[in-house]
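With these hints in hand, go ahead and build the complete structure from the sequences.
Chains as they are written, first to last, in my numbering: chain F, 5 to 928; chain H, -18 to 109; chain E, 311 to 466.
Simulated from the structure, these hints should not be mistaken for lab results.
C-beta atoms are modelled at their ideal positions from N, C-alpha and C, and glycine is treated no differently.
Hints are not guaranteed to be accurate.
[As the list claims (entries may be wrong)] DSS-like, lysine-lysine: derived pairs with alpha carbons at most 30 Å apart:
#1 E/K347 x F/K645
#2 F/K594 x E/K382
#3 F/K732 x E/K395
#4 F/K521 x E/K382
#5 E/K395 x F/K521
#6 F/K26 x H/K45
#7 H/K(-1) x H/K104
#8 H/K62 x F/K185
#9 F/K515 x E/K454
#10 E/K397 x F/K437
#11 E/K387 x F/K501
#12 E/K414 x F/K437
[As the list claims (entries may be wrong)] Computed footprint of chain F on chain H; a stretch qualifies when at least three of its residues, placed anywhere within it, have a C-beta under 8 Å from a C-beta of chain F:
#13 57 to 68
#14 82 to 95
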Amino acid sequence: MSDDSGHVSLDAMSSEFIAEIKDDLASLEPDLLAMEEKGADVDDDLINHAFRSIHSIKGGAGFIDFKVLSDLSHVMENVLMQVREKKLVINSSIVDALLSGFDKMKLMADLIGTDKTCDYEKEKAALEQVLLDKDTDIKKTGTKKKAPVAEPSEEKIEYEPVNPVGESLYFKGQTFLLDKKRLENALDSQKFIYAVFIRFKTDLDLRKKNADAMIDDIKSIGDILYSSLTDAQQTQEKDGFYCVISTILDLPLLSQVLEIHVSQMTLVDKQFTDCETILLKGAASKLVSGGRQLLPRAKEPTTFIAPYESSENSPVQSATGAFQTAQTLRINVDLISKLMNRAGELVLSRNQLRSFMESTVKDNTRAVHMMQSLDMVTTDIQEAIMRMRMQPVIDLLGKYKRVVRDIARRMSKKVDFVLEGADVEVDRNVLEKLANPVTHLIRNCIDHGIETPKERLRMGKLETGTIRIKAFHQGGHVHIIISDDGAGIDPQLVLSKAFENGLIAEDQIDKLTDKQKVDLIFLPGFSTSQEITDISGRGVGMDVVKTNISRLRGVIEIDSVQGQGTTVHLIIPLTLAIVPSLIVRTGESKFAIPQANIKEAIYLEPGKIHEQVGNVAGYEVLRLREQLIPILRLRNILGLKTYVQPPGKEESLEEKRKAIADRRQASPPEQQTDQRSQKNDRRENVWDPTYVILLKLGANVFGLCVDEIYDIEEVVVEPLNECIRHLKCFAGATILGDGDVIMILDVPGIASVADLKFDSIKQARLKQDQKELKKAEKKGEVKDLIIFCNADKEYFALELKSVSRLEPIRPGDIHFTDKLKYVEYNRQAVLLFSLEEFVPAVPCDLSADQVFAIFPKNISSKVGVLASRIIDTIQTDEDLSKDAACSELVLGKLFVKDMMVQVLDQKKLAKAIEQKTVAKKERR
Amino acid sequence: MKILIVDDKASIRSAMKKILAGLGFSDITQAVDGQQAWDTLEDGFKKTDQLPFDLIISDMEMPKMSGLELLRAVRGHDVFKAIPFIMATTVTAREIIIQTMCLGVQAYIIKPFNSAVVELKLKQAGIL
Amino acid sequence: MDLSNTTNMSRYVTFKLADNMAGINILDIREIVPYIKITPVAKSPEFVLGLINLRGQILVVFDIGVLLGLEKRTFNKDSHIILFKHKDVGFIVDRIGDVITMDKEVSDDIPANIDSGIKEYMEKIINFSGDILVILDAGKILSKTLSGQPSAQGEL
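Take a look at the structure:
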């Protein structure tokens, strides 16, 4: 996971460690500062707490193999260990070294996962210096038992040779003979077997140990299987002796306990197998994640979701230290932001529902009851969610202890920092934005407020000045009061400075009270270059502080008494309802539409409006993808004046069109080019583009026409003042980034003001659909007709399917008998009737060369109907229209090409023919 | 095999738990400091009247009761003293090591550890 | 500007409203600001001119002339907005005059030809250096404008 340069790569498990490292760092700084305050009287708990933090950091750094942090924290730990053991007394310079180390550790923590490393030599050196300066020597601890060196006894011992492994020069060529039994015992109990070379000078003399003490130490942690001490002592040339030790300790631990360098130790070849690589290489370098990855790779591992321990037996508290008592849960910041947005939308919806209920169902007690429940629950949810983002003010203010300490030290001033009401909670966002202004104010306190100790004594004050910060909630606001007992602000000085900088006119000078004079420091341009010190910051004046505070919709006030001190009072509102909204413009005014209500935004092109916009049930509707969507013009709803600039003209004219697709301009602009119509049309021919925002209202959708749309912005919802609260169209107001105030639209309110009755539109649509359906059905009837006539312009037709056949007949072949006509056809006599016998028609001209006989189907005897001309057969789906003028046998009339054709009712005709035939037959 | 893990850092406990799971040990109980570990031991013993755990793996530096104090208490208890004890820690102060050794631990894990180290130490402690 | 009254004296800020001189007790005033861009609120009561952004806070500005029944005025850069204490509301005036100190008890006769509208909102009349000064009553103004009035305004 880490390459040689010390760079660390991140994996899932690492984020957990990193988060804990940062937590530990956070708790460390206040501890160090507290330790300094207490000085020699510091209590053990405090030291232990700090020690544990550093210890944890070291451990965590080891796990993610972040060597630089591990190394630095080790040195820090050493210093604190000395303090813990009362070998070091806390003083400011020690704390300086610790704090500088801490700062570097913090920097390192931020660099985890990046390619950067940082240099920490300076800080390390400072800490090591502290250790060196320590007066007392390391006392020897440990037992002083004078047990004899365990020499293997002489009786019947079997020896087993063992050889040290590794390349160390100390052990080259060495072989040790060990008591086999003891060796086997050691191996059986899975102990490590080391060969150790102990040098007389470095390991014993310099450490003020004698050999016996060393042997004692060894015995306390393991067994000696072999020792060449006596030999070595006798032959004084040797500079050390060998031991073979069995112990459960790993190499580094062994080295630590015996205070012998690791190069003087090694394992032997008879060893139970697995341990070599691990032990010889020291600490493990790879962290095996042992299973599936818990968490996605985090870019900035600030927080993440911790897996809740599933084991039933575990009484787990994820407290990071003894000082935290509350149960906590780490949650992703993005999740909370999302939740907050939803909460904002929930509140808006609830408001809309409530106002709807108030106007429509206020008499329905059940409904009112239910509304009240919903109301309460929504408020609770919103408050709870707001509180999730609340952080105790101490998170911010606590940091200043360090700031105050550092600056005071630098300026050689003595300053006490007192914090009251640290558990007051403020929304995270607000807290972040307060950081800069509060920092500046505090810096001012130290820089300009608190006097030097000498000066203070001279004035009869205590040498140490006090900066007090008090935080509390009141009336929906959080109050932060920063006060100091310093020099106060001299109104005259402020006045003259303001005057110098041209911020105030001469004649106004006398009119100001002292407080007003002091307030002049809020004027932009007040701080001059003289004011800018490294401490106060460049060019950051009180006006910027004031702006920052007002951006949070807060207020800042200053009270000062010369010689006594200054108090700055900040008042910030608690809740911030933020709702993402689309900014639109109609006419001169911009509006915000909450995104939650928006389905879609459509652009209507000039000229095309005509095709897309129609009229149904009295509303303008937009035809969109098979839907009819009612649309409203925001301009009309709100009664706004909008202006259009006709092309080619300088001034704008007030737009008078009410509807988008105003009928007076039914034809597209291209056609209106003639001068005459231009003159007559007061509004000229302007077709400005228009946007339609499709808004959701429950299951319904309607469109709102606006002139222009901008971006979606996160908008802070300000409730409406009492005198305009009743306006249905508006849900609130907000301030845009450029400082303009705009109204936030209330979508259901607008729908109700426009009296949108979705039902009637639906019904109209339904009707229209049905009509079209019927039409389609009817139109589906395609008929084949045969058209014939006796005379021009008097056409008749029969359905082709009811006609058996047509025959041309020569009038000469017609036999007339008794008003009957016959013709021979296929050796049979066919009765012929004339058309005019059934319907009013011009008689068939029998003097012509040819006539036609139409033989209808379904007639018992052979019967034909005469017609002069067959015109055509046509296929038509036209409807037949019937009126009173039609004779009985006519089904209906229709127009074909330019002929009016009477379509005969084949059935009735057949019947009529039957009757005539029978009658004629009877007459015979 | 019931194992009690004691460490005030959730990350360490979680890492150890995973490693133990990989080695086949799933019955893991966790405690955040020596005191809680001790209470857990006592509770377990009250309920079952047997050794509540087969192994204790403990950190050294913890609030309320350190690993050393826990070890001392365990070794001083007639029943619990039989429970194998592995000390997992970064503490390298020799006095502590010597004291721990004197009280008797079955193995000493230096942090940071990995699966292989734990496996080895469990072998040393006679668990594997 | 929170100077407390000395025993019997009251301080008033004077200002011009069309042709009239008016004043209001300084204790009722939170602040006086020069003209800030006003965002009109559609369908709002007639006396509501709109909203302003004062250092991050949204406040309502009235046209007090409407309440008093004066002629429609236009506003320019000399206009100022007087903000009331305790409510997020202010009203616009044509020009700010001096701050005057007067005995609390001083009150002059009400001229016969005074508009009834003015009467409704005033505390008293003072003759000041030959001018008739209408001292407006902040309480009356606020209670009449902020009493809700939804029914009076109808559906919208």
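Hints and how they fare:
1. Pair hint E/K347 plus F/K645 holds up; C-alpha atoms about 18 Å apart against a cutoff of 30 Å.
2. Distance check on the hinted pair: F/K594 and E/K382 sit about 25 Å apart at the alpha-carbon level, within 30 Å; holds.
3. For the suggested pair F/K732 and E/K395, the alpha carbons sit about 28 Å apart, so the restraint of at most 30 Å is met.
4. Straight-line distance between C-alpha atoms of F/K521 and E/K382 comes to about 38 Å, which puts the hinted pair past the 30 Å bound.
5. This hinted pair checks out: E/K395 and F/K521 have alpha carbons roughly 21 Å apart, not beyond 30 Å.
6. Taking the CA atoms of F/K26 and H/K45, the gap is near 22 Å; set against the 30 Å cutoff, the hint holds.
7. For the given pair, H/K(-1) sits about 18 Å from H/K104 by alpha-carbon distance, which is consistent with the 30 Å threshold.
8. Taken as a hint, the H/K62 and F/K185 pair is honoured in the structure, with Cα atoms around 28 Å apart against an allowance of 30 Å.
9. Pair hint F/K515 plus E/K454 does not hold up; C-alpha atoms about 34 Å apart against a cutoff of 30 Å.
10. With a CA separation close to 26 Å, the supplied pair E/K397 and F/K437 stays within the 30 Å bound.
11. Only pairs whose Cα atoms come within 30 Å are accepted, and E/K387 paired with F/K501 is accepted, the gap being roughly 28 Å.
12. Annotation: proposed proximity of E/K414 to F/K437 is violated, straight-line Cα distance about 46 Å (limit 30 Å).
13. For the stretch 57 to 68 of chain H, the proposed coverage by chain F is not satisfied: 0 residues have a C-beta within less than 8 Å of a C-beta in that chain, short of the threshold of three.
14. Against chain F, the stretch 82 to 95 of chain H contributes 11 residues with a C-beta closer than 8 Å to a partner C-beta. That satisfies the three-residue criterion, and the hint holds.
Checked against the numbered hints above, the structure breaks hints 4, 9, 12 and 13 and satisfies the rest.
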